[in-house]
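Number of protein chains: 2
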Amino acid sequence: MQEQTCLTSDLETAVDVAAIKTYLMALQESICDALEQEEPEARFHEDAWVYQQGGGGRSRVLENGLVLEKAGVNFSHVKGVALPASATAQRPHLVGCPFEALGVSLVIHPRNPHMPTTHANLRLFVAYPSNKKPIWWFGGGMDLTPYYPYEADVIAWHQVCYDICAPFSADIYAEFKDECDRYFYLPHRQETRGVGGLFFDDLNRWSFARCFEFVQAVGGGFLRAYLPIVKLRRDLAFTEAERIFQCYRRGRYVEFNLVYDRGTIFGLQSGGRTESILMSLPPQVSWKYNFLPQEASREAKL
Amino acid sequence: MQEQTCLTSDLETAVDVAAIKTYLMALQESICDALEQEEPEARFHEDAWVYQQGGGGRSRVLENGLVLEKAGVNFSHVKGVALPASATAQRPHLVGCPFEALGVSLVIHPRNPHMPTTHANLRLFVAYPSNKKPIWWFGGGMDLTPYYPYEADVIAWHQVCYDICAPFSADIYAEFKDECDRYFYLPHRQETRGVGGLFFDDLNRWSFARCFEFVQAVGGGFLRAYLPIVKLRRDLAFTEAERIFQCYRRGRYVEFNLVYDRGTIFGLQSGGRTESILMSLPPQVSWKYNFLPQEASREAKL
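Chains as they are written, first to last, in the numbering used here: chain A, 7 to 308; chain B, 7 to 308.
Since the hints were derived computationally from the structure, they do not count as laboratory data. Mixed in with the good hints, there may be bad ones.
To be verified - 16 Å max Cα-Cα, derived EDC-like pairs, lysine to aspartate or glutamate:
id: 1; chain 1: B; residue 1: K237; chain 2: B; residue 2: E45
id: 2; chain 1: B; residue 1: K294; chain 2: A; residue 2: E219
id: 3; chain 1: B; residue 1: K294; chain 2: A; residue 2: D53
id: 4; chain 1: A; residue 1: K294; chain 2: B; residue 2: E281
Stated by the list, open to error - Ranges of calculated distance between the beta carbons of each label pair, as one might list FRET restraints:
id: 5; chain 1: B; residue 1: K27; chain 2: A; residue 2: L308; range: 35 to 41 Å
id: 6; chain 1: A; residue 1: Y156; chain 2: B; residue 2: S136; range: 37 to 43 Å
id: 7; chain 1: A; residue 1: R230; chain 2: B; residue 2: A247; range: 55 to 61 Å
id: 8; chain 1: A; residue 1: R97; chain 2: B; residue 2: A25; range: 50 to 56 Å
id: 9; chain 1: B; residue 1: I250; chain 2: A; residue 2: Q58; range: 31 to 37 Å
id: 10; chain 1: A; residue 1: R230; chain 2: B; residue 2: E42; range: 52 to 58 Å
id: 11; chain 1: B; residue 1: S136; chain 2: A; residue 2: L308; range: 45 to 51 Å
id: 12; chain 1: B; residue 1: A40; chain 2: A; residue 2: E47; range: 45 to 51 Å
id: 13; chain 1: A; residue 1: L242; chain 2: B; residue 2: N70; range: 39 to 45 Å
Heads up, the beta-carbon is just placed ideally off N, CA and C, and yes, glycines get one too.
Please build the complete structure, drawing on both the sequences and the hints.
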């Protein structure tokens, strides 16, 4: 292990940035491979980019597929001279420190309205206060946004989330599920974005190694949760009206990401690569004024 | 004139809220009427709504027209117990005062990609500090967002803007044009939203009556500037590729309105009527990753 990536944290475990990087890049690879297995037509295209202050990323985007209308799986590892306030609400004393941040972030917008949109993200922040030990924390999660929800899918999705958490502590599924519901919420609509999943931030309650194990559990669990739903719903017939409803509901996704999502706003305002940040936005979206679904319809149920 | 709507400002002219209200409601009416003349199929539908703290609005939206794919022309007059900080960057001492705000705001998204999108807004704020004279200021403007710009249209649009301003002062066209270019700017894209027009805020440099005359000049000028462009471009043939480019470029409109527009963000965060605030969003939008137009094409020119 190299000196600059192997340091002792306040919890007395090695902060092994290189190991996280290796893991995250392999995770990006394996998720893209698995998604391509589900997609008969389109393939991921890769763009490497450089961050102005140091580091960069590897964006992979698949567009216009038969099954996957748009899927983006991004890896990035950026280094900065001064941690911005928006990156650490809970640690104001670290603002201005040199830092590095690395992560994988993905959003999948399927074509079939019976397949849910999904988002997942895993990241590590390390801040380097002068003359002190580095401070690290993980963040991430995975969440699901159906247009035509199937109760069985929602239960299975949350079962995987539960199974990911169970080996680590009896309580964290409930805790991270609640955080997810609180975070993916549109106050101006009084709606959650989707049916939730897991969301965690500022994760350093265990040793670095144990937190990394949790991150790996989420990373491994993601495909185990999402792929069965893809396989079940990808070939269902859908109507033009269902497609229109899907495009309308995608507007909520845009509203959340552009108005509330801390990652998106931080990225845009800190000079990140716009096309990589906004790869999360859906391919086709519509806004209709004051849309009211028919009473007792599946749209109303949502 | 009623006592509560006729007060003396620090510039010694009557603050005649009732007169502004009458004018703005008539302006909403006349703009809707004129737009319907251009639209063979769809008609405006009206929703009246009530604001929680006092007052309310009259939203008028036309959707799915042959010429006008979506047009919203909203009037609102809201009263609040405490002026929010976001409403008055330049007058921090007024934050927390009782206030009222009234205005007309409109956005027109035409179907034909050769017709530009347009936005206009006229508003009056009055703050009522305790034991002091009310403080008032006007704001507003009009701006144009072409997808396939015609130089003649842009020149004619700015000529009307110039003519609106000329009787008031030799310099304000340049001043309000610059403000417009600065305001409708997407830093993350390093792009302006459209080709500009006029933008003014905190307008109280003349007497209340004179400022009101300026607001009326903008209100009257809007149709004089926009309708000729509608008539010139509404029947031009367009290709599927041009339509796709229009939907792609509309994404910039969404990005601006949801990430930067002070009115939209203030509205969403202060509990305004979401459907009226977001009527500005385009009906059909697409995001494509890293779109690069063909060299020397009309898309590249934009």
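Report task. Would you check the hint for K294 of chain B and D53 of chain A, treating anything up to 16 Å between C-alpha atoms as holding? Result -> Holds, at roughly 14 Å.
**Report entry** Distance restraint evaluation - Y156 of chain A, S136 of chain B, Cβ atoms, bounds 37 to 43 Å
**Finding:** Given range 37 to 43 Å: violated, Cβ gap about 58 Å.
Query - Pairwise beta carbon distance, A40 of chain B to E47 of chain A, judged against the given window 45 to 51 Å - result: holds, 47 Å
**Report entry** Range agreement (Cβ of A247 of chain B with Cβ of R230 of chain A, hint 55 to 61 Å)
**Finding:** Given a distance of about 41 Å, which is not inside 55 to 61 Å, the answer is violated.
Query - Supplied distance hint 39 to 45 Å, evaluated on CB atoms of L242 of chain A and N70 of chain B - result: At 28 Å between Cβs, range violated.
Report task. Sort out whether E281 of chain B lies within 16 Å of K294 of chain A, counting only the CA atoms. Result -> The hint holds at about 9 Å.
Query raised in the report: Given the hinted pair K294 of chain B and E219 of chain A, is their alpha-carbon gap at most 16 Å?
Result: Not OK: K294 of chain B and E219 of chain A at ~35 Å, beyond 16 Å, violated.
Report task. Mind checking the hinted window 31 to 37 Å against the Cβ distance between I250 of chain B and Q58 of chain A? Result -> Holds: the Cβ-Cβ distance is about 32 Å, inside 31 to 37 Å.
**Report entry** Verdict for K27 of chain B, L308 of chain A (Cβ pair) under range 35 to 41 Å
**Finding:** holds, 40 Å
Query raised in the report: Given a hinted range of 50 to 56 Å, is it respected by the beta-carbon distance of R97 of chain A and A25 of chain B?
Result: holds, 54 Å
Requested in this report: Go ahead and decide if the range 52 to 58 Å is satisfied by the Cβ distance of R230 of chain A to E42 of chain B.
Outcome: 55 Å Cβ-Cβ, so the 52 to 58 Å window holds.
Query raised in the report: Can the restraint linking K237 of chain B and E45 of chain B be considered satisfied, given a maximum Cα separation of 16 Å?
Result: holds, 11 Å
Of the hints listed earlier, those the structure fails to meet are numbers 2, 6, 7 and 13, in rising order.
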